[in-house]
Amino acid sequence: MYELGARVEAYGNLRESLTQALTTPWKALRRASSNGHQAAEDNTFWALKDVDLDVEQGDTVAIIGSNGAGKSTLLKILSRITDPTKGSVKVRGRLASLLEVGTGFHPELTGRENVYLNGSILGMRKTEISAKFNDITNFAGIGRFLDTPVKRYSSGMKVRLAFAIAAHLEPEILVVDEVLAVGDVAFQKKCLGKMAEACAQARTVLFVSHNLAAVEAFCSKAIVLQQGVVVFRGAAKEAIEYYLQSLSSEGSALASHIVELSSAPGRSAKYRPLLKRVELYTENNRPFRGELRVGAPLKAVIHFNLEEPCSHFDACIAIDTSSGQRICTAHSAYEPDRVHEERTGEQVFVCDIPSIPLVPGEYKIGVGLDVASDEVDWVDDAARLNVLRADYYGTGIMPVRGTFLVQNRWRLEPERQEVNA
Amino acid sequence: MDSTYQMVIEPRKGWQPVDFRELWAYRELLGFLVWRDIKVRYKQTLLGGLWAILQPLIGMVVFGVLFSRVAAVGSDGSPYPLFVFAGLTLWSFFQNGVSLSSNSLIGSEEMIRRIYFPRIIVPLAQIVALLLDLVISLVFLAGLMLYYRWPLSLNVVWLPFFLFGSCLATAGFGFILSTLNVRYRDVKYALPFFTQMLLFLTPVLYPISHVPDRLRVFLSLNPMAGMVEGFRYALLGSPLSWHLVAMSFTGAIAMFVAGLFFVRRMEISFADVI
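Keeping their order, the protein sequence lines are chains S and U.
Residue 44 in numbering that gives the first Met the number 0 sits at position 45 of the first sequence, and the numbers go up by one each step.
Residue 199 in numbering that gives the first Met the number 0 sits at position 200 of the second sequence, and the numbers go up by one each step.
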């Protein structure tokens, strides 16, 4: 029908540092009168630099990046709340942005009145709001409280009403900023459902989120922002991979994938230090830096020493909760193709765990060595495992309680007809 | 292939006038904000809309006693209470308009930081909402005129003219002050004092005819001077200097236009500074 696109040519955004205003008041005064649109000075900060994007109609694009990467600034520019310092954005189609729900809600007005007010603020015409009024209130589930002032609502009710209004916006281009991180689990599911609907209706969606599971489920493309610069653009799954990889290569903050076990603190005094080191890898042989997505594989390369020749020895990798409760064990004795041959000296065991379907959270990895069925070495807490959310089920939804994710399929039985005698 | 709706977002440079087409597109939002301001202003108050007349009424009583019993001041022929109530009606509109609109932008911080709309709507809505209060006061004024059996002359056709002028002046001040208030909160603190002083520098409590010539020139610079005098001319038949009216209207229009440009220019940085 019509071509939709948003093209962003090279631009940047200038943010003044407050310290500058304090330390150089004359300059600050000059800058204030020229409204900040001056040539960049040395110590100014570019929230975004040289961002160049094309978004086609029907694209669902995620914008991911660490905090401070410039995601919110990009959205603010698209929402025309902040002007870009340089460059331009060409937009074809009605653009609505959801940077927060409930904007403009007035506590003294009733729910009904706020639906109209908020709807108008978000850009809906009065006739549109009236037409969708029932849908909105049913989605929110406010019911008989519609005519009481909003200041009497619980925070959950306010959020539901606010989101219900926002969910019924039908713009051609929707720009969303993490508003889905509100409300209780049941409501979040409803909101994700509405988002899915939006994507199914071939609307163009730009989605900023840290919820990588939702990003993977809904978005076809993604861009990764790092310190104001676009470092990756492409398919969503690859972008997520890239992003996680960049996190792990950020160095000192995260663990090394090579864990020295010769003098590890998690080893009790009664054990001999036969385990030398363990190297951990995840999918595509990427070094494991402490973070892993749900369902991703884990490979452990265990280096150990056998003091005497023996043929009956085993190693194990154990995953415990951070409080020390055993979750699962990978043990070389479980390997059906295991061949027992006499070995002595330095040896290497490689353990491949194809998938770690643990509920996102913090876990510990322990490494053990058995010789002749006796536990001869054990290092508790050799490495930390932080399982990250990922789109395990393909719906963007994940459990928060429990320990494991199990495969499960559901179907609703067709209605049974009454059989008359 | 351009479709029906296209927009380009780019840095706005220099001084630009308000985009009236855009303002028209946002008229519904303006309407909703006016409705909201009216509804909310007197919610949970006992007296509700009565507050619209209480301000000039109490002023009338106090100043009436002060300036007719304690220190006699002329009133261009009409009974002093009527004279002062008329002046205070219009003055209340101006004073409340300026004070409410100047705080309106910082009061809508949340909206400004999250949604796009022409920011001028916010102070404008406050002033439009006050027109309702003005109408209520005018009704009471009509009642007062009946009480004093003061006849209405043909001059009343000029009433809309002076009301319009007052709106221009109020809006002009409102736009400029609300914009300044965003960056320099001093405005919030300085304003009550200055409007109080301005009350005495505007011929509200006294007719300008009683002011010595040299001072009169100085007072004529105040756009509201001509509006208040004109308002009384229209309703009460008080004498009027058209020269003063011309000066005041020029001033009001200038303030209004300056306000329009100023808001538009500064609104770019509101979201960052507010």
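Errors might be hidden in some of the hints.
[As the list claims (entries may be wrong)] Straight line, CA to CA, 20 Å or less: simulated SDA-like cross-link-like pairs of lysine to any residue:
1) S/K125 <-> U/L29
2) S/K125 <-> U/D271
3) S/K193 <-> S/K150
4) S/K150 <-> U/E108
5) S/K85 <-> U/V60
6) U/K38 <-> S/K85
FYI, nobody ran anything at the bench for these hints, they're computed from the structure.
Going down the list of hints, with the structure as the test:
1. With a C-alpha separation of about 12 Å, the suggested pair S/K125 and U/L29 falls inside the 20 Å cut-off, and the hint holds.
2. As the CA atoms of S/K125 and U/D271 are separated by approximately 30 Å, the hinted pair breaks the 20 Å bound.
3. With a CA separation close to 27 Å, the supplied pair S/K193 and S/K150 exceeds the 20 Å bound.
4. Note on S/K150 and U/E108: the hinted pairing holds, with a Cα-Cα distance of about 19 Å set against a maximum of 20 Å.
5. Distance hint between S/K85 and U/V60 is unfulfilled; the C-alpha atoms sit about 59 Å from each other, more than 20 Å.
6. At most 20 Å may separate the alpha-carbon atoms for a hinted pair to count; U/K38 and S/K85 exceed this at roughly 42 Å.
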